[in-house]
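Chains as they are written, first to last, in our numbering: chain A, 1 to 408; chain B, 1 to 465.
In case anyone wonders, no lab produced these hints; they're calculated from the structure. Owing to the predicted nature of the structure, the values given are computational and were not obtained by experimental measurement.
For each label pair, taking beta carbons as the anchor points, the in silico distance ranges come out as:
{"id": "1", "chain 1": "A", "residue 1": "Ala197", "chain 2": "B", "residue 2": "Ala76", "range": "48 to 54 Å"}
{"id": "2", "chain 1": "A", "residue 1": "Lys128", "chain 2": "B", "residue 2": "Gln90", "range": "38 to 44 Å"}
{"id": "3", "chain 1": "B", "residue 1": "Glu426", "chain 2": "A", "residue 2": "Pro396", "range": "52 to 58 Å"}
{"id": "4", "chain 1": "B", "residue 1": "Pro370", "chain 2": "A", "residue 2": "Pro66", "range": "48 to 54 Å"}
{"id": "5", "chain 1": "B", "residue 1": "Glu426", "chain 2": "A", "residue 2": "Gly397", "range": "54 to 60 Å"}
{"id": "6", "chain 1": "A", "residue 1": "Ala198", "chain 2": "B", "residue 2": "Gly437", "range": "17 to 23 Å"}
{"id": "7", "chain 1": "A", "residue 1": "Lys128", "chain 2": "B", "residue 2": "Glu81", "range": "42 to 48 Å"}
{"id": "8", "chain 1": "B", "residue 1": "Gly200", "chain 2": "A", "residue 2": "Thr216", "range": "53 to 59 Å"}
{"id": "9", "chain 1": "B", "residue 1": "Ser320", "chain 2": "A", "residue 2": "Gly363", "range": "38 to 44 Å"}
{"id": "10", "chain 1": "A", "residue 1": "Pro180", "chain 2": "B", "residue 2": "Gln247", "range": "57 to 63 Å"}
{"id": "11", "chain 1": "B", "residue 1": "Arg74", "chain 2": "A", "residue 2": "Gly302", "range": "50 to 56 Å"}
{"id": "12", "chain 1": "A", "residue 1": "Ala198", "chain 2": "B", "residue 2": "Ala445", "range": "22 to 28 Å"}
Where is the CB? At the ideal position from N, CA and C, for every residue including glycine.
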Amino acid sequence: MQLNRRHLLLASLPAALLSPRARAAGAPPKRWVVVLLRGAIDGLSVCAPYAEPSYAQERPSIALPPPGTEGGLIDLDGRFGLHPALGAMQPLWAAGQLGFVQACGAPTSSRSHFEAQDELEAGTPGIKTTPDGWLSRLMADQASGVQAVYTAATRPKLLSGAASARAAALPGAQRAPERPALGAALDRLYAQDPRYAATWQAAQTGRAQMASALETGQSMSGAGMDPRADPTADRGAPGANTLPATARRLAQVLRADPGLRFACVELGGWDTHARQGAAQGQLGGRLAPLGRGLATLAQELGPLWADTVVTVISEFGRTVAENGTGGTDHGHGNALWLLGGAVQGGRVLGEWPGLEPAARFQGRDLAVSTDYRAVLAGVAARHLRLGDAALTQLFPGFGGRPLNVVRP
Amino acid sequence: MKMPRRTLFWLPALGLSPRIQAAPATETLHAWNRLGFGPRPGDLARGGGWLELLEQQLQPQPLPTALQQRLDARPAVNLAERVETFRRLQRQQRAADETPRRELVRQALHEAAEARLLRALQSPNQLEERLVDFWFNHFNVFFDKGLCRMLVADYEARAIRPHVFGRFRDLLGAVAQHPAMLFYLDNAQSTRAGFQGAGGSRGLNENYARELMELHTLGVGAGYQQADVTELARVLTGWTFRPRDLQFVFDPRRHDAEPKTWLGQAVPGRGRAQGEWVLDQLARHPATAQRIAFKLGQYFLADAPPAAAVQAARIAFLASDGDLRASVAALLRHPEARDPALQGAQFKSPQRFVISLLRACALTPSDWAPTLQALRGLGQPLFGCVTPDGYKVERSAWLDPEALARRAELAARVAQRVRLGAEAAEQLLDTLGPAIGRAARSAIAQEPPPLRAALILGAPDFQNG
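Next up, chain A with everything else stripped away, as it sits in the complex:
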């Protein structure tokens, strides 16, 4: 049952939402897309330190060949190379719209996916009890209405908290037939329920805003594309192969609704303990659609790309050495990816600790030289123009300096 749009637009939307342009007066709105790669992606295969002799030594079957050889890395800066399956992103690097912060991560060291993901989404390393997500805290001071969109079947912790009602699900491929009478009756039933009235109202508001955005938004790659009719995008599949389709829909709603400032994209399947592969194989097979999806997002956002930052982040990195089953185990430091027209890219940032055993964290993992909060706070400070007080609320307990990764 899809609620009748006219009914919703007239009955439940605050007046301000009916005219998104009213909220967008002045400077073009800044967008921030956070891509969570759940399962700890192997950053040493994404932005590979091929110039280090120990890279190939420690990874006899999974190290990527150096640039210029068959199946080899795409050179970035003479030290690091991009995984060949990420070729779709090479033009972004060339344009200075893609960068990495290597050896990035949390100052604490959990090797538990679940603990580390929770803490990453809370933005409070080492503290398990933080109830809300940092992206939700970022919305707290902003205008009302839906400001964030998420792509998973359920809302991630990143968007939970006091402002969680300002996050809406990206509409999927399947739409049930309309039953306006039943929709209105459910509205009445939920409106009188003290437990769920606000949540129900938030759902209807969010859906109306999304539906409106999808209806008015134009696709960059062709008129006539109906993003709701994409059969592959919403099967609940966690893998990256759905990303190109999701990215098109995401771009469409972002383009249509200037009130949408944030997006959270979740992708799983990165926990490559066995048979990880090199240029081809499990990891490469997942990276390819991820790279294509991000390139699609850049293309489909069109003029908005100039004011967009995409951060791609994972809970921790993987071991320097290949394990006994052609994979890698849970590690520490990782590469954080930065994309967007607003990014000062074309660089591999972060102090590189090296892969020598003595330089490693606990002798086995890439060390962390940059706190991930320094990067995210840098985006918040320069891209969203958050002041010091707001940054303290965003990442309580973080005393470091925000990194300059975005054009001011």
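Could you slot chain B onto chain A? The hints should help.
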């Protein structure tokens, strides 16, 4: 409001004070909601208090003939043959038509779903079914990881189901030796460093060792270190299965026979006995008892479970050397478990919501595809949790605006599909009794009769249990 008939029953049989008591309908409902997947038509009318129903549920009865016959009617599966077929089709995948492989996978999923859902919907042993759900989720494997597709039904039938009222150590051991877990968390491939396998030199993989401590037993805060993970992985080298017949084997050639120190102790014994010793230690560890008791408390009682009930379960677990019937009984017999404040206070997980909905309507699908699709759409596909921690049970994991709206829509779709009319609405109100409260009942009564069944199933009150 029409209330279910209150039934009188005698408590002396339970060894309690000999006076006549009537169980309030709210308590009967609480029992069906927590000890089971919600009432079916007639369940509440039979009455019964929490303790009475609990004692019945702790002693599973033979299944009704019709259900047993439908379960028995499923064709027997030769697992080894099927896995062989699957491997062959996988090898051909790139070159050939994918249809046969997809069909095999679909068939395996539907068989696993039928074994789970048929019992959840129809078995009178509802607590057993909730425990199968709990323990599968605790020892989660993901259907869509390679070979797991062929193994999930067998994993549930042989490693999980037989032990839910048995000993934790037996459950832990059955899981540790089942090919589904050995494959899912890679232990089947983990070997001592330098072992020469078919694909060349092999070595350690610490995936299972970590989750064995973090998720299956001690919990992440229990104080073990990275070195303990690595040592445990070494202990468990050689624990694998024969590809030919999928039987667990300990392969001494793969085993790391060097001495190991784990949690500050030298690991005694040799070979397979070391792994068994470690499982003994983990199963008896106080941190494991605490973790299991707390998780059971969250599942059956509340996100922040009443401390004394959890404590009772923890003590029973330790005192009985991990007897799971005794542990569950201690939790649920505790007076806090039937605290009226808990009644209807849980936000059902999507799986619970869907199963309770089908039960309330006395529906048993002949084709599981729409049910599986519905669960995917609500974010909790059956056997579809990717990560080994399983699905969360807390309200915060499932309650968000979009999820709430999707559930109401699903309820409406079911009502539409099976053409629930005005009479069905009356029947549903009887079946659900106090689950649909006074305010909702009078609001629904104001709406046109053809909409009422959909509104009952989509109502805020039915989201809770």
